[in-house]
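Q: Position 10 of the sequence shown, counted from 1, bears residue number 10 in UniProt numbering, the numbering being contiguous throughout.
Keep in mind that the hints are not guaranteed to be accurate.
Unchecked claim - Label pairs and their calculated CB-CB ranges: (1) E3 to K35: 41 to 47 Å; (2) K71 to P32: 27 to 33 Å; (3) R68 to W21: 37 to 43 Å; (4) G38 to P4: 15 to 21 Å; (5) P69 to T7: 36 to 42 Å; (6) L15 to K71: 34 to 40 Å; (7) W21 to G49: 50 to 56 Å; (8) R68 to R9: 17 to 23 Å; (9) E3 to K71: 41 to 47 Å; (10) E3 to V70: 25 to 31 Å.
It is worth saying that the hints were derived from the structure and are not from the lab.
Values in this document were obtained by computation on a predicted structure and should not be read as measured data.
A virtual CB, placed ideally from N, CA and C, is assigned to each residue, including glycine.
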Amino acid sequence: MNEPMLTVRQVAELLRVHENWVYDQAAAGKLPSYKIGGTRRFRPDEVDGWIAQHRDASAPRVVVHRPRPVKHRSARPTRAAQPRLFEDGPAAA
């Protein structure tokens, strides 16, 4: 317990994640942390325990790529592209 506490940057480097992820997990209570003087700090032994608890070497990491939705174009031309039959409007009968 005499080890100095870790900063968000140090934890992010240790876990190889973005600092924002560390902030989000800590704020949600998923990653044990302490708010000291307006900054987040982490006890090294608790971070090590969290890593051990979340380590699962038997499960491969799967990345799912979702295709972007295709924007369909209308077969009908836009109003600006349609030919105008009457320049000044229809003639009065």
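Q: Indicate, hint by hint, whether the structure satisfies it.
A: Do the hints match the structure? See the list:
Between E3 and K35 the beta carbon distance is about 19 Å. The supplied range of 41 to 47 Å is therefore violated. As the Cβ distance of K71 to P32 is approximately 45 Å, the hint placing it in 27 to 33 Å is violated. In this structure the hint that R68 and W21 lie 37 to 43 Å apart at CB is violated, the actual value being about 24 Å. The beta-carbon spacing between G38 and P4, approximately 18 Å, falls within the hinted interval of 15 to 21 Å.
Separated by about 40 Å at the C-beta atoms, P69 and T7 satisfy the suggested range of 36 to 42 Å. Between L15 and K71 the C-beta distance comes to about 38 Å, which sits within the given range of 34 to 40 Å. Taken as a hint, the range 50 to 56 Å is violated for the pair W21 and G49, whose Cβ atoms sit roughly 18 Å apart. Restraint check, R68 to R9: a C-beta distance of roughly 33 Å breaks the suggested window 17 to 23 Å.
For the pair E3 and K71, the beta carbons lie near 54 Å from each other, so the given range of 41 to 47 Å is not met. In this structure, E3 and V70 break the distance hint of 25 to 31 Å, their C-beta atoms being roughly 54 Å apart.
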